[in-house]
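Colleague: What follows is the residue order along each chain.
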Amino acid sequence: MNAPHEPAAVTADELAQRVARWRQAYDAAVPAAEPVRNRSGIELKPLYTALDWAGPSHPEDSGVPGEFPFTRGIYPSMYRGRSWSQRQLVGLGVPEDYNERARELLALGASALSFLPCNSVFRGYDADEVPAALLGTCGTVVNHARDMERAMAGVPIGDISTALNDPAPFTLLAFQLAVARRRGVPWSQIAGTSNQSDCLSHFVANHMFFRIALPGARRIVVDQIAFANEHLPRWNPLSIVGQHMQQAGATPAQAMAFTLASGIQYAEDCLARGMDPDRFLPRFTFFFDISISLFEEVAKFRAGRRIWARLCRERFGAKDPRSWRFKFHGQTSGVDLTRQQPLNNIARVTVQAMAGILGGLQSLHTDSYDEVFSTPTAEAARIAVATQNILREEAQLTEIIDPLGGSWYVESLTDAMERQILEHIDRIDAAGGMGAAAQQGLVQRWIGDSALAFQKRVDSGQQTIVGVNAYRVDEDPASYPSLAYPDATRMQAYLADLAAYKAQRSAAAVAQALDGLAAAAQSTDRNIFAAVVSAAEAGATHGEICATLRRELGFGQPLTVV
Amino acid sequence: MDSAADTLATILAGDRRRIARAITALENGSAQAPALRAALAAHTGRAHVVGVTGPPGGGKSTLVSALIKSLRAQGRTVAVVAVDPSSPYTGGAVLGDRIRMGEHQGDPGVFIRSLASRGHLGGLSRAAADVIDVFDAAGYDTVITETVGAGQSEVEITQVADTRLVVCPPGLGDDVQAIKAGLLEIADAFVVSKADLSDAARTESDLHAMLALRRRQDPLPPVFRTQATTGEGVAALADWLCARSARGTRLGSAEGRRARAVVRRAIAADAYARHLGLTLVEAGRGHATVQMTVGPEHLNFNGGCHGGAIFSLADTALGMACNAEGEVAVLIDGHISITVAAAPGSVLVARAEPVTHTRRLGIYRVVISRADNGAHIASLNATVYRTGKPLQLLTV
Amino acid sequence: MHERPPKVIVTKIGLDGHDRGSRVVAATLRDAGMEVIYTPPWQAVASVVKLAMEEDADVIGISSLATDHLIVPDLMAALREAGLADVRVIVGGIVPAADEAALLAAGVARVFHPGADFDDIVDTVRRLARERAHGATA
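Chains as they are written, first to last, in our numbering: chain A, 924 to 1485; chain B, 1021 to 1416; chain C, 19 to 156.
Same shape as in the complex, but just chain A:
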């Protein structure tokens, strides 16, 4: 009987010789060229071997998931224990339209919901304060608790996790809590995330969500965290967002660095408030853009996990291992999608989704291929969900935890990304932290420079975008179906309903609640978010709540840097 073949151990010298031989053969076949770099500027070699990575460089890195510093995954079981949540963004028209789409998704197997409000809501206005033509075209109009009730009709909000894309002062969460109280669902059961709670990222990179001047917004964020600590054990009050910065042009390494720096800032804000890190850190979550640069994204997430764990234990002094976990939601990047030959976007989204899954995310939104035209059609939205199902069920991507771990390339790339990320964080620390750096316009400038550099690479043809600067075909963009604008009559009906709602509620109760809100804002020790919840329950509208807080705390004017 033959003995099983055991590979002979290769010495470092022997390996170096093999690599040198390979290099000669490679150079003979491939002419010398400019180094290839990924989006973060890290050079990509044609081949990686054990010479590039011989094991974890950090003595504490045990190389297994679920243990500090969690490079390979935050849980021991990862997707074998529980799949990532499918959390598709839904938002359109009036509350009933949202309700219809949400119930459809739940029936298709979605385990979590994401609520996308109308731009008018993002800007802090009620539907009757903006041009009617702009209502409900990109998200759902919800202006008060009764609207929320209609949007969530038949949805078990005590069981399903909902992400409310709502920045400070978090009126949608307040409306959700009002609905829960009315239904008799205890607040302790309400699960979800305030996934646009990161006011720093809004100030820097997504002005869409920036409603209230930064100092006031930061205070409301901490107030909401304190409120959740006390009343909402299943709610993640803080989602630190890297998506905006990467969409605005930050490289993947920059996006991770700036996000972690924001996380540091919020942790410090909470510590300054006297909160226990082991209480607030377990409910910090993150939200990232996933570009099509597959391996770079995987390395980005692995490095992020490692760095955050270390920050939590050493910089913030958290002792509970649950406080060190880097939980994140990923969204495939709309910036990589093209208008030309839009069906190609399905392939792009697949690669992006893979990057997020292989990177170990906890929940995922996949874009629809027609995002570039308008709010997605129903068919395109179904394909986006199917993509996730195919990756999980057919490609078996969930069966192995951190399958790219141990790859010489991915491990050395993870280390390289980690180094760059730490350098960026140091620079922000030197500027006085993320709050200070943002107010000085530093971060904005770095992001703007990256965005311009990327555009130049595309313009020069250095970066090929299929269908845009190469592989072009003649096509008629009108041949792709796009979603019709919401029915104007439905919007008119909604506006009439809003007027009726305002007329029939108790004006005195609303006025009193808004006065209480203003008083909380003027005080230094009252919880503003608690006052928002009271106002919501008293029947105040979103626009009224935002207007009150803007008056007291200032309108959010982003710093414009070109």
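If you are wondering where the hints come from, they were derived from the structure by calculation, not from laboratory data.
All figures in this text were calculated on a predicted structure; none of them were measured in a lab.
We put the beta carbon where it would ideally sit given N, CA and C, even for glycine.
Only true hints are included.
Straight-line alpha carbon distances no greater than 25 Å define the calculated SDA-like cross-link-like pairs of lysine to any residue that follow:
(1) K1379/A - R145/C
(2) K1089/B - Q1480/A
(3) K1379/A - D137/C
(4) K1089/B - A62/C
(5) K1379/A - F130/C
(6) K1379/A - R144/C
(7) K1089/B - P58/C
(8) K1379/A - H131/C
(9) K1089/B - Q1362/A
(10) K1089/B - W60/C
(11) K1379/A - T1110/B
(12) K1379/A - G1116/B
(13) K1089/B - P1138/A
(14) K1379/A - D138/C
(15) K1379/A - A134/C
(16) K1379/A - P58/C
(17) K1379/A - P132/C
(18) K1379/A - V140/C
Chain A residues, not near chain B, derived (Cβ > 12 Å throughout):
(19) D950
(20) G1004
(21) Q1263
(22) M1277
(23) R1350
(24) K1425
(25) A1431
Computed beta-carbon distance windows for the label pairs:
(26) G153/C - L1032/B: 24 to 30 Å
(27) P1108/B - D138/C: 23 to 29 Å
(28) L122/C - P1054/A: 18 to 24 Å
(29) A115/C - Y1394/A: 20 to 26 Å
(30) D135/C - T1412/A: 39 to 45 Å
(31) A1029/B - T1447/A: 57 to 63 Å
With chain A held as given, fit chains B and C onto it using these hints.
Modeller: Here is chains B and C on its own, set in the frame of chain A:
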């Protein structure tokens, strides 16, 4: 194309679209420009021109925005000339000052015009003087120029103003020295912005100390402290500005202010004065003060200030003083007496005053002294011939 | 005569606040030697008109990613009413094909879509500015 007279009529009527187009025509040096300048000249001198400058990041735009609010509350109309640097390589510019004054974007009593710093015929000061004259003629009570005090040309613009404010962010500390050479000496007031920051008080006292050292004047220019986002200190500054504008003495009568408007255009157009780095401190009917910092380019082989530089300084002050009426006057006889060597690095001021005049001749005396201690350096006794011809710079 | 460089306003009206595209366009136009006034998002139509009037702008570039292009006709009307019909307007961003025709009919000079060639944008702006300078009456 409309005649200069027609354009002037629309400007005097306050037609905002035509005001904007007239400014463009002057910027471009269009065929109409010389006639328009000449036509405007008779209608200038009413506005109070406030020059705001200072190091980058000092919060100038925010302060200007708050000042506008105060001035508007007092019923004054305000025009702003916001100067932004152009790229020396591409010539392009992002004109970003005015977006920081966004709170006034709906106010018809406020007119904001951006000016890129490059590519202007005759220099940036001249372009700014053109724009100021248009606003002046259009009837705006206050015209604010806002520039970054980083380059010499931006500093030159401030001499075109009646009142010059230098805005310093806190934390300048010893970098009060960083305030552009010559700027410290011609400023009429200083503003320490962002007063909420901890080193604001220290910056204020540093400025007081620096002024006491480098300027001999009684009283010294005031130092204000402001916090523009809350409005703290801004009302006091606005009140001081309004008092200055109302006061007859320094800025003179209406004719005096018209003379002032002429002189600011004159100094901007004087290539030789620019070459020597001479800046206008003040001027009125028949008198003028010009300043020079003795630099390495002014030194002779002995390492002392070249007599020709002293003479040029005196002559420039003289020229400003006697041409202020708008008609050409030329030096025909002058005697300079230099009593003390001017030290390199010192700041000299030359003040020209009339002694007497006949219809065709003017007798002037120019005294040059040190700005910091008043020490007498030189004096020039001069006779000028008044030609009766109008100043060319008003017609070109 | 010395012709000044094109003076271009890059702005966003309506509700959307995503401005990466408009920032990159503003920087590109600046690098092409133009004078650019770049505003924050959410400008009121009346403010854009006042801005164009005071700055004597040649071209207004509207960046629209959501459905804000639906109110561009309001801007065109306001410009005409203010005597600024000669100011050229271009729109860039996500505009469905059906709406593009409506915008052009309302007087918009050109609509740019994602993936547009930046040289094309620069050349178009330059051409439009030149047209205005030569056709403009005082």
